[in-house]
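Numbered according to this note's numbering, the sequence shown spans residues 1 to 209.
Among the hints, a few may not be true.
[To be verified] Derived lysine to aspartate or glutamate pairs resembling EDC-like cross-links, with alpha carbons at most 16 Å apart:
no.	residue 1	residue 2
1	Lys112	Glu136
2	Lys150	Glu180
3	Lys67	Glu37
[As the list claims (entries may be wrong)] Using C-beta positions, here's what the derived DEER-type ranges look like:
no.	residue 1	residue 2	range
4	Gly142	Leu102	22 to 28 Å
5	Arg59	Lys23	35 to 41 Å
6	Leu199	Gly142	23 to 29 Å
7	Ala95	Arg15	53 to 59 Å
8	Val61	Gly168	31 to 37 Å
Since the hints were derived computationally from the structure, they do not count as laboratory data. Treat the numbers as computed from the prediction; the structure is a model and nothing was measured. No residue lacks a Cβ here, since even glycine has one placed at the ideal position from N, Cα and C.
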Amino acid sequence: LVIDMSTISPAATRRIASALAEKNVAMLDAPISGGSEGAARGTLSIMVGGAAEDVQRARPVLQTMGKRITHVGPSGAGQTVKLVNQVIVVGNCLAMAEGLMLAQAGGVDLEKCLEAVSGGAAGSWMLSNRGPQILERDWRPGFTIALQQKDLRLVLEAADSVGAPVPGTALVFQLYRTLEARGLSGDGNHALVKALEALAGYEVAAIEA
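Whenever a hint applies, use it, and build me the whole structure from the sequences.
In structure tokens, the structure reads:
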């Protein structure tokens with residue numbers, strides 16, 4: 001049994017699974033979400049594509065790394081769901097960056113702003129974990145811009161192949177390209193805010209007491 005936990009295209013996954021099946025080897029695509037923090041704590045979300053019986057065989061191994069293991073469908077489905085995850089991640093990241101830009105320009109206390117919106121409908125993992133990093137100008141990555149761009153290329157290719165509109169994701173991809181051009185590929189994906197700062201001419205930062 002081969003368990004592929006990388007993020008590759010669904011089409012490539014199906015081709016590899018088919019080739020392995022000819023050798024009587026089963027394959028699961030089991031990409032992950034949760035960042036380096038989740039990996040260290042063993043709390044990743046793992047989205048698994050493949051046969052149900054193979055998922056059951058692999059579950060003890062997967063449970064050492066993840067707290068949520070979801071069988072999402074046949075071969076390639078895990079990769080498709082991972083790409084959906086990435087669409088939502090970068091959309092959330094852009095919304096967070098835009099909101100903080102507005103809060104900064106509006107003169108409100110950014111830490112209080114994060115506290116307030118995190119407790120309501122706008123609350124998210126991205127906001128709770130990466131929002132404070134932005135205020136501290138801490139660009140250490142849980143997931144780098146370089147890796148994010150690799151995944152977004154896969155998203156755009158997959159979306160094109162099935163005719164799915166992803167205009168927001170395409171915009172974020174281009175914003176990240178401006179950061180890559182500035183040599184920031186190693187920054188965390190929350191550094192997306194730097195692209196908006198370049199447009200606006202001001203930075204987001206917590207007010208020091």
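Hint by hint, here is what the structure shows:
no., hint, result
1, Lys112 with Glu136, "holds (14 Å)"
2, Lys150 with Glu180, "holds (12 Å)"
3, Lys67 with Glu37, "holds (13 Å)"
4, Gly142 with Leu102: 22 to 28 Å, "holds (24 Å)"
5, Arg59 with Lys23: 35 to 41 Å, "violated (23 Å)"
6, Leu199 with Gly142: 23 to 29 Å, "holds (25 Å)"
7, Ala95 with Arg15: 53 to 59 Å, "violated (35 Å)"
8, Val61 with Gly168: 31 to 37 Å, "holds (35 Å)"
The structure is inconsistent with the numbered hints 5, 7, although it conforms to all the rest.
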